[in-house]
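Chains A and B, in that order, give the protein sequences.
Under my numbering, the first residue of the first sequence is numbered 5, with each subsequent residue one higher.
Under my numbering, the first residue of the second sequence is numbered 6, with each subsequent residue one higher.
I should point out that these hints are in silico values taken from the structure, not numbers from a laboratory.
Treat the hints with care, as some may be off.
Each computed DSBU-like pair below joins lysine-lysine, with the alpha-carbon atoms no more than 30 Å apart [stated by the list, open to error]:
1. K33/B to K186/A
2. K333/A to K106/B
3. K186/A to K49/B
Pair by pair, the computed Cβ-Cβ distance ranges are [to be verified]:
4. E192/A to S79/B: 54 to 60 Å
5. K215/A to H12/B: 49 to 55 Å
6. K394/A to I60/B: 48 to 54 Å
7. E118/B to E55/A: 45 to 51 Å
8. D341/A to I26/B: 42 to 48 Å
9. P143/B to S130/A: 36 to 42 Å
10. Y88/A to N99/B: 38 to 44 Å
11. S79/B to D341/A: 42 to 48 Å
12. H12/B to S130/A: 28 to 34 Å
13. E220/A to I28/B: 45 to 51 Å
14. N387/A to V124/B: 19 to 25 Å
15. K123/B to H166/A: 39 to 45 Å
16. L122/B to E216/A: 54 to 60 Å
A short list of chain B residues far from chain A (calculated; beta carbon distances all over 12 Å) [said to hold, decoys possible]:
17. K16
18. K33
19. N77
20. Q85
21. K89
22. K106
23. M138
24. P139
C-beta: ideal position from N, C-alpha, C; glycine also.
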Amino acid sequence: MEKQCKGQAKVIYLVSLTPKDCFKVLFVKRVAIISVGNSRFGVRSDATYPEIAFEAVKEALEDAGITQKDIELSVVGTVGNRLYDMYPAPLINEYVGLASIGPLRVEAACASGSAALFTAYNAIASGFVNTAIVMGVEKMCEVDTPTSTAVGGRGCYLWEFHMFGTSFASYYALFATAHMAKYGTTEEQLAKVAVKNHYYAARNPKAHFQKEITVETVLQSRVICWPLKLYDCCPLSDGAAAVILASEEKVKQFKVQDPVWIEAIGFGSDTGNLTRREDYTSLRSTRMASEMAYKIAKVKPEDIEVAEVHDCFTIAEIMAYEDLGFCKKGDGGKLIDEEQTFIGGKIPVNVDGGLKAKGHPLGATGCSMIYELTRQLRNEAGNRQVPLKKYTALAHNVGMTGQYCYVTILKR
Amino acid sequence: MSKAHEHLTMKSRALILTHEIPISRTKKYWEGLKEGKVYATKCKKCGQIYYPPQIDCFQCLSSDVDWIQLSNGSIETFTQVYLKPQGFTHHERNYIIAIAKTTDGVRVMGWLEEKDLKVVKVGTPVKILAEIMPDGFPIIIFKPA
Numbered sequence: 005m006e007k008q009c010k011g012q013a014k015v016i017y018l019v020s021l022t023p024k025d026c027f028k029v030l031f032v033k034r035v036a037i038i039s040v041g042n043s044r045f046g047v048r049s050d051a052t053y054p055e056i057a058f059e060a061v062k063e064a065l066e067d068a069g070i071t072q073k074d075i076e077l078s079v080v081g082t083v084g085n086r087l088y089d090m091y092p093a094p095l096i097n098e099y100v101g102l103a104s105i106g107p108l109r110v111e112a113a114c115a116s117g118s119a120a121l122f123t124a125y126n127a128i129a130s131g132f133v134n135t136a137i138v139m140g141v142e143k144m145c146e147v148d149t150p151t152s153t154a155v156g157g158r159g160c161y162l163w164e165f166h167m168f169g170t171s172f173a174s175y176y177a178l179f180a181t182a183h184m185a186k187y188g189t190t191e192e193q194l195a196k197v198a199v200k201n202h203y204y205a206a207r208n209p210k211a212h213f214q215k216e217i218t219v220e221t222v223l224q225s226r227v228i229c230w231p232l233k234l235y236d237c238c239p240l241s242d243g244a245a246a247v248i249l250a251s252e253e254k255v256k257q258f259k260v261q262d263p264v265w266i267e268a269i270g271f272g273s274d275t276g277n278l279t280r281r282e283d284y285t286s287l288r289s290t291r292m293a294s295e296m297a298y299k300i301a302k303v304k305p306e307d308i309e310v311a312e313v314h315d316c317f318t319i320a321e322i323m324a325y326e327d328l329g330f331c332k333k334g335d336g337g338k339l340i341d342e343e344q345t346f347i348g349g350k351i352p353v354n355v356d357g358g359l360k361a362k363g364h365p366l367g368a369t370g371c372s373m374i375y376e377l378t379r380q381l382r383n384e385a386g387n388r389q390v391p392l393k394k395y396t397a398l399a400h401n402v403g404m405t406g407q408y409c410y411v412t413i414l415k416r
Numbered sequence: 006m007s008k009a010h011e012h013l014t015m016k017s018r019a020l021i022l023t024h025e026i027p028i029s030r031t032k033k034y035w036e037g038l039k040e041g042k043v044y045a046t047k048c049k050k051c052g053q054i055y056y057p058p059q060i061d062c063f064q065c066l067s068s069d070v071d072w073i074q075l076s077n078g079s080i081e082t083f084t085q086v087y088l089k090p091q092g093f094t095h096h097e098r099n100y101i102i103a104i105a106k107t108t109d110g111v112r113v114m115g116w117l118e119e120k121d122l123k124v125v126k127v128g129t130p131v132k133i134l135a136e137i138m139p140d141g142f143p144i145i146i147f148k149p150a
């Protein structure tokens, strides 16, 4: 563990959050993102899930200028519980020409894409393989809305759904009510998050929604779970995204100039039952994952120049601002009021439209965040390009209501 | 074959999943709901209280618990559900899901018995009750005290 490895390695002293003493010294190889791909998000009744996975994989392979033969490991991230297939990963791998290198499927609810990235990252960082592809794939629109809502709400069946009819909107609505009561956050401030994310989605041809909206649109839309209204909620979307990772040796071999590097992946988790939480204004798993990621990457929140945060509901983006340290706890509403999370502001957030307006095909989301940030860091984001100096970006992907969380820091 | 969103689609064979959930170890809880009472477990060895009830204490690994009734609490947060999931669409009322912190220090989820959302506030003290609904499923009810 203490030994130096031939120049390509990096020693990371990871200090655990609980208990406070140093618990591990990790010895890892650097991992680069050499290419990315993203299907169009939306109601994709024109294609099956392997067919939309192919769209993302084709773009990623062409982006890297490599073939399936150059890849050693495939990791599929999907929730998959709205599919007609119960074991989708082999069928996805088979369809895209990766049948012989896909030994697992990874699931961590809405953070499945990041959990898959974490799995592939570790396989390269540990030296087990030199290249890997991560595919996040999800179809949510082949079943009707009450069924999809019920599947989503069964995060904790026995003690919550069975008796109370919870849905994901209701879970986040519970956080919205508590946040509004404690910090004076308003429905208008929540609406402004949706307005921002629709503004950018309208400039992203791959986004589910292509229209700008106003605060009035949000406030006048029908109530889903008070205080959340239709436009506070992300849509049910179909989509796929792919990320190809490589070790430093392979980066040289493929002659990739100036790639994006994964500086850190931090993780956090929390109780399954919401009634076992201490608080409903913050996600502890976000705080833990980001603290870990900042520590490993040796950066601070103020070093982040562009962020993708988990805005499945508008309140989730407000909480993310605070829990990631972009502003003080309770000041999330003020940050959007001041338009600090638009391009040109203090910290541009979700400038691809976010989950809220680009769409949230569960397993695809974590990979799609990496897709956007990679293109931002390569200055390829066109009319949505964030001006960069430090070339440091952050992706924040939550599973359920903070039951899982991954924070990934990228640099170029 | 049918057309959804103007694309050609084909219906799958339906899958119906109904489970037989083992509740013998938490029988006291489910029986309690029928009597209008909500129970938590308390480890006899270390005193840890669990809600939802669990008969295995993860702190001291003992499986010897007392059942304690939760009676009073105050509302920590709530939401009124308009878009109901499959299984709840027969409820005409837009039910209010709330989380209450009990005087024992644990939190309970329930439906808040209050028609006017405007009078509901975080901090409202409530009585914790339970009953069996007309559809046969149990429900925990928070009644403003």
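How the hints compare with the structure:
Restraint check: the Cα-Cα separation between K33/B and K186/A comes to about 36 Å, which exceeds 30 Å; the hinted pair is violated. Between K333/A and K106/B the CA atoms are separated by roughly 22 Å; this keeps the pair inside 30 Å, and the hint holds. Among the hinted pairs, K186/A with K49/B is inconsistent with the structure: their alpha-carbon atoms are about 36 Å apart, more than 30 Å. Separated by about 28 Å at the C-beta atoms, E192/A and S79/B break the suggested range of 54 to 60 Å.
The hinted range of 49 to 55 Å is not satisfied by K215/A and H12/B, whose Cβ atoms lie roughly 21 Å apart. Against the hinted window of 48 to 54 Å, the Cβ-Cβ separation of K394/A and I60/B comes to about 53 Å, which satisfies the hint. A hinted range of 45 to 51 Å for the beta carbons of E118/B and E55/A is consistent with their spacing of about 49 Å. For D341/A and I26/B, the Cβ-Cβ distance of about 47 Å falls inside the hinted range of 42 to 48 Å, so the restraint holds.
Restraint check, P143/B to S130/A: a C-beta distance of roughly 49 Å breaks the suggested window 36 to 42 Å. For the pair Y88/A and N99/B, the supplied restraint of 38 to 44 Å is violated, since their beta-carbon distance comes to about 32 Å. A hinted range of 42 to 48 Å for the beta carbons of S79/B and D341/A is inconsistent with their spacing of about 31 Å. Taking 28 to 34 Å as the suggested C-beta distance range, the pair H12/B and S130/A does not conform, at roughly 43 Å.
The beta-carbon spacing between E220/A and I28/B, approximately 49 Å, falls within the hinted interval of 45 to 51 Å. Here the CB-CB span from N387/A to V124/B is close to 48 Å, at odds with the stated 19 to 25 Å. At roughly 29 Å, the beta-carbon separation of K123/B and H166/A lies outside the given 39 to 45 Å, and the hint is violated. Range check, L122/B to E216/A: about 31 Å between beta-carbon atoms, so the 54 to 60 Å window is missed.
Chain A draws K16/B into its interface by the beta-carbon criterion, the shortest separation being 10 Å against a cut-off of 12 Å. Here K33/B stays apart from chain A, with its beta-carbon at least about 15 Å from theirs, past the 12 Å limit. With a least beta-carbon separation of about 16 Å from chain A, N77/B lies farther than 12 Å from that chain, consistent with its non-interface assignment. Non-interface status of Q85/B relative to chain A is broken: a Cβ of that chain comes within 12 Å, the nearest being about 4 Å off.
Against the 12 Å criterion, K89/B falls within the reach of chain A, whose nearest CB is about 6 Å from its own CB. Annotated as non-interface, K106/B brings its C-beta within 12 Å of a C-beta of chain A; the closest such distance is 9 Å. With a cut of 12 Å on Cβ distances, M138/B falls inside the contact zone with chain A, its closest approach being about 9 Å. In this structure P139/B is separated from chain A by more than 12 Å, as the shortest Cβ-Cβ distance comes to about 14 Å.
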